[in-house]
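> Build the complex: two chains, separate frames, hints provided.
As you go down the protein sequences, you meet chains A and B in turn.
Position one of the first sequence corresponds to residue 32 (our numbering), numbered consecutively onward.
Position one of the second sequence corresponds to residue 259 (our numbering), numbered consecutively onward.
Quick caveat, the hints were computed from the structure, so don't treat them as lab data.
Glycine included, every Cβ here is placed at the ideal spot set by N, Cα and C.
It is possible that part of the hints are untrue.
[Stated by the list, open to error] Ranges between beta-carbon positions, derived for each pair: (1) B/Thr347 to A/Gly109: 17 to 25 angstroms; (2) A/Ser144 to B/Ser356: 46 to 54 angstroms; (3) A/Ala105 to B/Leu374: 40 to 48 angstroms; (4) B/Gln279 to A/Arg167: 17 to 25 angstroms; (5) B/Asp384 to A/Gly166: 20 to 28 angstroms.
[What the hints assert, rightly or not] Only some residues are given here: those of chain A computed to face chain B with a beta carbon under 8 angstroms: (6) Gly33; (7) Ser34; (8) Ala38; (9) Asp69; (10) Ser72; (11) Glu96; (12) Val180; (13) Phe191.
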Amino acid sequence: MGSFKDAIKNGMTEYLDELKQKIDGLTDAELRWQANLDANSIQWLVWHMARVEDSWINNNIAGGESVWDAGGWAAKTGITYDNSGYGQSSDDVRAMPDVSMPDLVKYYEDVRSAAFKVIDGTNDEDMDNVFTRGGRSVTWSWILGHVLVEESQHLGQVAFARGLIRGLNN
Amino acid sequence: MPSFRDPIKSGLNEYYGKLKQTVEGLTPEELLWQPNSESNHVLWTVWHMARVADRWANSTVLGNEELWIRYGWAEKLGMPTDKYGRGETPEQVRDFPSVDIGLVLEYYDVAHASMLGMIDALEQSDLDRDVFAAYRNESLNIGWILGHILAEESQHLGQVAYIRGMQRGFDG
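One chain only, chain B, in its complex shape (with noise of 0.2 angstroms):
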């Protein structure tokens, strides 16, 4: 039965898709490359958009625990348990663990899975719900939260994508 759903998960899996093969074949420095002291690099991206969809779809939506932390992911990778991303000032983006890149994805795995669950999940009436985000100290509604997600996520890859072909060239 089609329903307006799957646009909404058709989009989840495209920009999943496309992020591996942006990211595909980047060497450790390239992962860490960035254009100038400002700006995010690739592997600080990934990382934050695994971040943003275990926490939106786990967290805020579903109100259960972060996968970050109910599987010990921040512990693999070596980071406090808060650590999301959101507002990090430059020096901190910098600093950031030259963490394995395959262990980042394996999150991302994990959190884009537990993504689609969570629209599976979703009955009509509960994107009229208001939801509470503590992070962000702010009540938001779920059909707006499922909209940004993919704006988001989406824009995220874009920088990617931005960010390989100044390092690789045009289709390099």
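Next up, chain A with everything else stripped away, as it sits in the complex (with noise of 0.2 angstroms):
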């Protein structure tokens, strides 16, 4: 039985699978690749949608431990980025260590299937439910349609920069 509740993780679904079809391939210095000093590159974006994932889902909505911190995932990683990747300078993004790929797509499905039990423990009253902090508040409704649209765009900056490496269809 279709849900819109089904939408929203088919939505989800979508961008990871095209995510791992989007690096496939990818050598390292691909990975790390920057369009200009300024730009991200591909491992660091593909980390961050993972962190954005379990903080949205697994930290906030679920009130729980996120997969990075139960999973130990900073020491396997060898990441020691203290947040999520929000309002990093350039040079942290440059700072980046090399990191296994494979251990990466680890982690997140990992946060893929911690949130997708999350989701499934959720109904239809809990979107009017509201995660504050830091001053701002905001409902789980606005989070899940959040996490769709942020997750997406940084697959299409993956993509793009992808193509500028590759050119069209590569």
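Structure representation (structure tokens):
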């Protein structure tokens, strides 16, 4: 039985599946390539996407520990940033260590399994629930819409960066 | 009465609001700038996003004529009625007419409003229904289409923001 909840999960499945296709076969150098000094690398974008989903859904909606912390992913990946990438400077992005892409994808898959469990556990009424941090309040409804938009935007940037490196449809 | 319909509408409004901010103040030259000869430019991408919204909402899901045709937007913008953007070549993107972005956004405004209306018009049971997308020659589930619209449109927004960033720099 289809539902609007499933439509949201369909969108999430679509952007993660497409992300995996867009990074397929890229070399380490390509994953770290920046279109200019201020541009994000693909590697940074993939890490940021996974952290964003983890933070919004597993931390903020579920009120639990992030998969990043629970799974010890900082130690596993060697990424020592103390946030999910929001507001980082160009220097921070450039200073990202070389990361194993299969590890990052594994982390993202763990985030996704946890996030779908959280979404499965919510119902229509929960969409009006409010999450507040730093004086800013947003509804769960806003959070789910935002996750779809923000993550897909970053996927579009990964695809664009790949296109700049490899050319059309390569 | 809250429902999971709300996050979908919230997401639709978020990417559309952000798109308007992201194109704000760009010159006609910046709108047509391509980082390389195979890249899409901002104007093409915004126009394509509007066409995507119109086509999914009005033609594919609701089974009506596109606003592009019904309200003469193709004619106002001087483009063929079947022009849509999917699968266009780099040459077609490069030769895209330098139309007024204000006019493209006027079209997008009505297409976006029709999208929100389409979401409101759907019943829960509709989400199990398949519709035939003639231009793709395939049947697609409406529940899949709703997720896809958010993923596709937002990806293009991300590209518009990226192209702006390449021209104007960080936060420029």
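> If a hint holds in the structure, say so; if it doesn't, say that too.
Going down the list of hints, with the structure as the test:
With their beta carbons about 43 angstroms apart, B/Thr347 and A/Gly109 fall outside the hinted range of 17 to 25 angstroms. In this structure, A/Ser144 and B/Ser356 meet the distance hint of 46 to 54 angstroms, their C-beta atoms being roughly 48 angstroms apart. Range check, A/Ala105 to B/Leu374: about 41 angstroms between beta-carbon atoms, so the 40 to 48 angstroms window is met. Checking the proposed 17 to 25 angstroms range against B/Gln279 and A/Arg167 shows it holds: the Cβ atoms sit about 18 angstroms from each other.
Distance hint for B/Asp384 and A/Gly166: a CB-CB separation of about 40 angstroms, inconsistent with the stated range 20 to 28 angstroms. Annotation: A/Gly33 was flagged as interfacial toward chain B, and the flag holds, the nearest CB pair being 3 angstroms apart, inside 8 angstroms. Given the 8 angstroms rule on beta carbons, the hint for A/Ser34 holds: about 6 angstroms separates it from the nearest Cβ of chain B. Against a cut-off of 8 angstroms between C-beta atoms, the interface hint on A/Ala38 holds, since the closest Cβ of chain B lies about 4 angstroms away.
For A/Asp69, the suggested interface contact is upheld, since its CB lies about 4 angstroms from the closest CB of chain B, less than 8 angstroms. Hint status for A/Ser72: violated, given a least beta-carbon distance of 12 angstroms to chain B, over 8 angstroms. Because the smallest distance between the Cβ of A/Glu96 and any Cβ of chain B comes to about 24 angstroms, over 8 angstroms, the interface hint for this residue is violated. Interface restraint check: A/Val180 against chain B, minimum CB-CB distance 4 angstroms, threshold 8 angstroms, status holds.
Interface restraint check: A/Phe191 against chain B, minimum CB-CB distance 5 angstroms, threshold 8 angstroms, status holds.
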